[in-house]
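Colleague: Residue numbers (my numbering), protein chains in the order written: chain E, 50 to 691; chain F, -4 to 106.
What the hints contain is simulated information worked out from the structure, not anything from laboratory work.
Just so it is clear, CB atoms sit at the ideal spot from N, CA and C, and this is done for glycine as well.
Do not take every clue at face value.
Claimed, not checked - Only pairs whose alpha carbons sit at most 20 Å apart, straight line, appear in this in silico DMTMM-like list of lysine to aspartate or glutamate:
#1 E:167 - E:109
#2 E:660 - F:100
#3 E:660 - F:103
#4 F:105 - E:52
#5 E:660 - F:99
#6 E:507 - E:657
As the list claims (entries may be wrong) - On the chain E side, residues computed to face chain F include the following (Cβ under 8 Å):
#7 330
#8 663
#9 666
#10 667
#11 671
#12 674
#13 676
One-letter residues, chain by chain:
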Amino acid sequence: MADLVWLIPAFPLFGFLTLLLLGRRFSEPLAGYFATAMVFVSWIVAVAVYFDLVAKPEEERSVTVTLFSWLPVGDLQIDMAFLADPLSITMCLFVLGIGGLIHLFAVGYMHGDPKFSKFFLYLSLFIFSMTLLVLGENLLVTFLGWEGVGTCSYLLISFWHTRESAATAGKKAFITNRVGDFGVMLAMFLAFESVGSVSYSALNGSAVAGTLSAATASAIAMLLLLGATGKSAQLPLYVWLPDAMEGPTPVSALIHAATMVTGGVFLLVRINPVITVAADWVPMSIAWVGGITALFAATIAVAQNDIKKVLAYSTVSQIGFMMLAVGTGAYVAAIFHMITHAMFKALLFLGSGSVIHGMHDEQDMRKMGALRKFMPITAATFIVGWLAIAGVPPFSGFFSKDEILLFTLAESVPLYVIGITTALLTAFYMTRQVMMVFFGEARWKDPAEGQEAHGDFKPHESPAIMWFPLVVLAGLAAIGGIINLPGLFGIPSGGTHRLEEWLHPVIAFGEADIKGTFAYDNKYVLVAIAVACAVGGIALGWLVYLKNRLKPIEPVVFARGWYYDTAISWFMGNPGREVAQGVADFDANVVDGAVRGVATAVRATASETRKAQTGYVRQYAAVVGVGVVLLLTWFVVIRGIL
Amino acid sequence: MAQTGSCDVIAAVEPTWYLIVSSLLFGIGAFGLLVRRNPLVMFMCIELMLNAANLTFVALATSLGDINGQTAVFFVMVVAAAEVVVGLGILVSILRRRPGATADDLAELKG
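Could you put together the complete structure from these sequences and hints?
Modeller: Take a look at the structure:
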């Protein structure tokens, strides 16, 4: 069964091709249901492969399926090969499972859109690319998927391309990602140069065997970190993700929260033996990039008023957590948090989509309030997501976040402080959002200025096709923690660390490696601190935004995202433009000047020499005659022949 | 016997005389080529030069007893014939269009 792993990308590809050829003929819901079915079939294949792998002994749980030789160029042999191992199948399971639910939601959300079938065409292409990314057996197949999801992200952010902001946001995402892609390409070149292959087995194998030098490993890891900061929206390349919210909400949930943006983290986990071999400052850089991004984005999220912008910055912050985990060696925790985050963040995004749908395309939280009475299911599921992301036990986010914090403290105290502060802020800004949207007084009654007048409309609950995925995701977000329970509070040992044991063939580093550290010995204290932070953040948010006991602190510097965008615009607009202008002038004057100079010189020489061509045949004959005489003279008199 | 006799006659004459005649012919041809403007006459001058060369070949081939010289003559004749075909064709078409055109008049073809 594991040999049939290629079927996982095959079904979405089939869906894509079918919609490409016949999409216009499909009536509205059919295209959506068709694409959804393809994702679920693919998911079933992934489940089958999963059980096949489970049945095997641990050391055989890695199956490489080679379809064909893709680039046989001399020493460079690259196969179109898929790798079915615990990591890739775990990724497939949650990407396809959550992707399928989001597809279902989108059938309801995109109802009535004139480009309905095109939307599902792009989504199918996205799912195909994403499965390529996670299943690739070498860096190049992963890179193919990597670029594919980037393209789909671009197409879907600017899906409503007649809106200028959407078109601009798409371009911004694409261009920012190019910066990161350049890092991935360089890493590939370096891997080929040093190992002679770009396959993970060769690269990780040489790292384990010790043939990979620390310097090379550091360079490869840092270049891939650059790629990850682009794709996973980390500092300094996070800027595209908040703007990506211009896309339809299911896209934000699927691509810009649950799946694609975790690609960078996945790639770093995939090459974790290389990071282990690399110099110590490499994992520390990864951890600091993640930690600072997490805190930075959380502060911005505190002051956003757009319901989706809050979630976007929250996503940046949570992926920062995953990077922090990768940097501190907690690869399992990173994957664990990736899965729980996919569940609750997809839930929150779809919930916000449901709110936007019910509010007739209103996204400003200041114009919402008291929606729980009108949208009970959306409100209930959103609250589950809120508790999960805030880290309230026993919801899923509590377990994954706590595990990351545990590993962080084992590695570095300042990073732990950053992490726990971020956790507090996360609980706070999510409470703020929930209070502003679902509680308090209704602020949507007076028609908003500048909005199209809806008259006295009433928010309404979304149709079943939209709330059904919400309910499923809420269930997952509530109990998702069971896949990797910690060994605490007398949980039977058979039920703990399931994910860690499952991923063990790919990730050697586990909780056993931090036993005996200060953090591990005091883990009950850490749990208490984490719960106190979650509850404290929620209480603070409740006091500020529902009871109005405290004045909200929303400085402009947070609302404007620390002026990061402004700074980039200024930098690119002034010194950047001058440098570009200088380069352009150099090109126009020096490079083009040299080319034009050669042409001018040739033309001048030619116009002088062509005067010799008089056209008088007899003159030519005379010249030939004189030439012959001169040649003869030279041969006979000077060379002395004859 | 007549064949042998003529061979003897050719062989009897000093090769120097042949070379003198041939260089005279060549000189006349070259001179004519340079001073005459009638294209047809210039053409004939070229033929004269070619045949001067042929005469040299034949004379030296005989005196040195090397058949290669005679072979070269055939090549020259073939080239000359081909040249005549093309050259006369061009000449006829030029003179039809512009009767009485000289070689110098054709200088405007230089472009």
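Colleague: A separate judgement is required for each hint: does it hold in the structure or not?
Modeller: Here is how each hint holds up against the structure:
Taking the CA atoms of residue 167 of chain E and residue 109 of chain E, the gap is about 41 Å. The hint is violated against a cut of 20 Å. Between the alpha carbons of residue 660 of chain E and residue 100 of chain F the distance comes to roughly 18 Å, so the proposed pair stays at or under 20 Å and holds. This hinted pair checks out: residue 660 of chain E and residue 103 of chain F have alpha carbons roughly 13 Å apart, not beyond 20 Å. For the hint pairing residue 105 of chain F with residue 52 of chain E, the CA-to-CA distance comes to about 76 Å; that exceeds 20 Å, so the pair is violated.
Distance hint between residue 660 of chain E and residue 99 of chain F is fulfilled; the C-alpha atoms sit about 16 Å from each other, no more than 20 Å. Between the alpha carbons of residue 507 of chain E and residue 657 of chain E the distance comes to roughly 87 Å, so the proposed pair goes past 20 Å and is violated. For residue 330 of chain E, the shortest C-beta to C-beta distance to chain F is roughly 72 Å, which exceeds 8 Å, and the interface hint is violated. At its closest, the beta carbon of residue 663 of chain E sits 6 Å from a beta carbon of chain F; the interface hint therefore holds under the 8 Å criterion.
Of the supplied interface hints, the one on residue 666 of chain E holds, with its beta-carbon coming within about 5 Å of a beta-carbon of chain F, less than 8 Å. Interface restraint check: residue 667 of chain E against chain F, minimum CB-CB distance 5 Å, threshold 8 Å, status holds. The closest approach between the C-beta of residue 671 of chain E and any C-beta of chain F is roughly 6 Å, which is under the 8 Å cut-off, so the hint is satisfied. With a least beta-carbon distance of about 6 Å to chain F, the hint placing residue 674 of chain E at the interface is held under the 8 Å criterion.
Evaluation of the residue 676 of chain E hint against chain F yields a violated restraint, the C-beta minimum of about 13 Å exceeding 8 Å.
The earlier numbered hints that this structure contradicts are 1, 4, 6, 7 and 13.
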